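**Student:** So the chains spell out like this:
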Amino acid sequence: EMIRAIQKLTLKEGIGRFIKYSTLEIRDLDFFKKTLGREDAVLTSAVDVAKYNEEYRKKYFGTSKCVLKPKSTEEVSKILAHCNERKLPVVPQGGRTSMVVGATPLLGEIVINLERMDTIYELSPYTGIIKLQAGAILENVDKYCKDREFVFPLDLGARGSCQIGGNLSTNAGGLHYVKYGSLHANTVGLIAVLANGKILDTLHSHRKDNTGYDLKQLFIGGEGTLGIITEAAVLCYPHPISSSLAMLCAKSFEEVKGILVGAKRKFGNNLSAIEMMDNHCYELVLKNIPQVRAPFGQERSPYYMLIETNHNGSQTDSNDTLMSFIEGLKINNAILAMDRAQTQCIWQIREKIADAFEKEGRTFKYDVSLNVDQFKEIVEIVRTRVKEKALVGGYGHVGDGNIHINVTPRSKEFINEVQDLIEPYVLEQVGKMRGSISAEHGVGYAKNKYLHLSRSQNCINTMKIIKQTLDPNGIMCPQKIFPLSQFGYIAS
Amino acid sequence: TQSTWDIIQIRMRQLKCLVGVKHCLDNALRVRVDKAKGWVDLTGCKMSLNPYCEIAVEEAVRQKAAGVFSSTTSLTIGGPDAVETIRTALAMGIDQAIHIVTNRATDVDISSLIVARVFKHFIQANKFDVALLGKIAIDDNNEQTSQIISGMLGIPFATNANKIAFEKEGTISVCRETDEGIEKIQFLTTPAIISCESRLNVPRFVNIMGLKRAKSKKIETIKLEDLPIDHHCNYKITSIKEHEKKRASQRVELSKIGELIKEHMIQPIFASTT
Chain A
1 EMIRAIQKLT LKEGIGRFIK YSTLEIRDLD FFKKTLGRED AVLTSAVDVA KYNEEYRKKY
61 FGTSKCVLKP KSTEEVSKIL AHCNERKLPV VPQGGRTSMV VGATPLLGEI VINLERMDTI
121 YELSPYTGII KLQAGAILEN VDKYCKDREF VFPLDLGARG SCQIGGNLST NAGGLHYVKY
181 GSLHANTVGL IAVLANGKIL DTLHSHRKDN TGYDLKQLFI GGEGTLGIIT EAAVLCYPHP
241 ISSSLAMLCA KSFEEVKGIL VGAKRKFGNN LSAIEMMDNH CYELVLKNIP QVRAPFGQER
301 SPYYMLIETN HNGSQTDSND TLMSFIEGLK INNAILAMDR AQTQCIWQIR EKIADAFEKE
361 GRTFKYDVSL NVDQFKEIVE IVRTRVKEKA LVGGYGHVGD GNIHINVTPR SKEFINEVQD
421 LIEPYVLEQV GKMRGSISAE HGVGYAKNKY LHLSRSQNCI NTMKIIKQTL DPNGIMCPQK
481 IFPLSQFGYI AS
Chain B
1001 TQSTWDIIQI RMRQLKCLVG VKHCLDNALR VRVDKAKGWV DLTGCKMSLN PYCEIAVEEA
1061 VRQKAAGVFS STTSLTIGGP DAVETIRTAL AMGIDQAIHI VTNRATDVDI SSLIVARVFK
1121 HFIQANKFDV ALLGKIAIDD NNEQTSQIIS GMLGIPFATN ANKIAFEKEG TISVCRETDE
1181 GIEKIQFLTT PAIISCESRL NVPRFVNIMG LKRAKSKKIE TIKLEDLPID HHCNYKITSI
1241 KEHEKKRASQ RVELSKIGEL IKEHMIQPIF ASTT
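If you're matching them up, the sequences are chains A and B in order. Just so we're aligned, residue 1 is where the first sequence starts under the numbering used here, counting upward by one. Just so we're aligned, residue 1001 is where the second sequence starts under the numbering used here, counting upward by one.
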C-alpha cells in the first residue's frame, strides 16, 4: 500500500519514477578495489571517510560509507557502469565548497571524489584554450595560467579548495563574471561519463563547432545529476597588462546605479569587477575579521563599491584612468590600492562578508538575480520582515545583476522565528519579481523545493524527462535539483 | 641670557623630517631566480613601496598632522620608474620628494654604504632634525642603513621602533623591540635617526584627494653621480641562487626516535667540543 501511495505521488504529473536503491556489499568493494587498483583509492574506514562527509557550513552531515578516488576517465566509467547495474546511488564530489549542499552524501551514497585527477595537460598560446582534468584545484589552474601570461576566466573566494569539475557542474560565477562571462560561454569541450558508464567525449580545442546538439551544456550547471565531468577544455584570456582596484563610498543607491552605468560605459571590456556592499556588511567585516584594516578610518557611508579595471599600458596609466573616472563622478571618498598587498586587503573586505556574518551566528544566505532597481527593494523587504530580530546585509556582483542577502538572527532564541518569517517568504518575493532564486550557487539540496518559483512547470517537466532518459535508475545525486518526492524512493 | 620668548620658540620649534623611501619588488610577489643567469631579473616585475618605508612614511605624515614636524621630505634612490613609488609616498601625505636617479640596480649594485652617504649629505645640507627609515628593505635585507648613517654623523639612533613620542621639552622617546623585551630610549639632541618596525602603525590607503594633491608636489631630481659623495660599491655580488629544497618532514612515533637519531646521525644541539 505504501508503494502504491508513493507511485501515485510520483506519477501525478505523468512524469516520475519509482526507484529502489540497493545497499553497498562486500562484492561491490571488491570490484572497486580491483578496478581502481590501489588500496588507498577505496576508503571505507570511518576515520578516512569522515572528511568527505563534511558540508561547508557544518549544518548537514553525509552518511557515506565508501569513498572512491579514481585516476582516469576509464576508471570512472567502470565504477558508474557497476553502480548503475547494481542500483547504488553515487555523488560526484570535488572540493566540498558547495553553498547548497550539492556534494554531501545525505542518503549514504558512494562518494566519487576526483581529487586524484588533477593533471593540467596544456595551454595553447595561440588560442588560450587550456585542457585539464576535472580534479584540478582552481588556485593551481590559475597559477598555471598566470605563469604563461593567461588568466582563467573564473576566480572566486574558495579558490584554494574548489575543483574545476565542481565549478563546471555548478556553472560558477565568480568575481570577474562581468568581464569574462559564464563557464557556459567559455567551456570549449568536455568529457563526461553518463550514469550507465558511457563516455561522452566532446573534448576538442575548437571554439566554433556547430555539429548537432551542444551536449556539454547539459553537464555545465547540471550539478552532477546527469553525469560526471572528468576532463574539460576552457578558454583562457590574455592576462591584463596592468590593473587597478579602487574602493569608494556612495551616498545613496541612486549613486551606485550611476557609477555602475558610468563604469560600464567608460571601461567596457576593461571593467574586470564591480561589486557593491551596504554599510551593515562593511561594519560587520571590520568588526569580525581581524586582519582587515579600515580603508576609510572612522567614516561610514550607506554603500561601498569596489571597482577593478584593466589597462594595456603601465600601472601609472591604469591608476590615472581609474582615478580620473572617479573624480569625474564627483566622489571624494575613494581609495586606490598601490601594491599587491593592498589589493588583496581590499578584496578581503568583499570576500570575507559571508564569514563575518557567520561569526555573528547562524546565517541564512540568499543568492538571487534581479533588476538593479530591485536590489534596494528586496533588502528593504527582508529588513521590514524580520524587523529588529536579525541583522540583514545586502552585497554582491552588482555588475551581473546578482545580489546576495545574508540574514543573521541577533540571538539564538530568534533563529526559529526568523527562519519561519523568511523561508520561503524571501524566495517567494523574488519569484514574484521574476528574479532567479539562485543566481550562481545552484539548486543542490538546499533549494530543491523552490525551483518552481523561478522555472515554469513545463521547464521543470522537460528537465525531469532529460534526467530520466540519461539516468533511468536515478543513481546520480539523488535529492539534488529535484526532491525525492518527485522521484519515488525506497531503500531496501 | 635668552629671553622667555626665545626659550618658548626653541621648545616649540617644529622639526624637519627626512623619510627614506625605497622602490623595490612588490612584497606580495614571489622572487624568481633565473637559474641560467644566476640572477634575479626584475624587468617587467611589479614594483612598489617597501612596506617598512611605508610605515616610516605613515609615521611622518601622522606627526606632521599632530604638529610635531614642520615639513616632511622623502628621499629615494632609484631609476626613472621609481617615480611611481615616490608619488605613492606623496599621495600618503609627504610634502616634497628628492629623487636620486641612477640606472644601477638598487637591490644589488647600491650598497648600504652608498645609501648612508647620500642620507648623510642631505641631513647635513638641508639640516634635517629627524630621519625616519624603514628598519629593513625587503629585497636586499641588509637592515643596516640607519645604523651606518648614525655612525657616519655621530648622532643617536634607535632601530626597530614600535612607538615614537615627541616630548614637549624637545626630547624624543623611542620604544624598541628586542628579543628580551621592549627597551625605552630617550634622545636628548637632534638630529636623530629612527628605523621603524612593523608594529609602529598601520599605514593608510592612498585616497583620491591625496593623489590629486601629489600631482602638484615637488620632486627634486638629482643624478647620483652629481652628488659630492663616493658612489662606488666596494663589493660585487657574483651570483644569486635559491635555497636548496628542504627535506620533507616526517611524522615519527615516540618509540622510534632512538632509531631515527642513529639512522640519520643527528647531532644533538649542544655538543661538547671534545
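Be aware that one or more of the hints could be misleading.
Below 20 Å or equal to it, Euclidean Cα-Cα: the simulated PhoX-like pairs (lysine-lysine) are [to be verified]:
id : chain 1 : residue 1 : chain 2 : residue 2
1  : A       : K330      : B       : K1212
2  : B       : K1046     : A       : K143
3  : A       : K146      : B       : K1212
Source of the hints: derived by calculation from the structure; they are not laboratory data. Given the structure is predicted, the values throughout are model-derived calculations rather than measurements.
**Student:** For every hint, state whether the structure bears it out.
**Tutor:** Hint-by-hint comparison with the structure:
1. A:K330 with B:K1212: Answer holds: K330 of chain A to K1212 of chain B is near 13 Å, not above 20 Å.
2. B:K1046 with A:K143: holds, 16 Å
3. A:K146 with B:K1212: Between K146 of chain A and K1212 of chain B the Cα gap is close to 33 Å, so the pair fails against 20 Å, i.e. violated.
Hint compliance for this structure: hint 3 is the single one not met.
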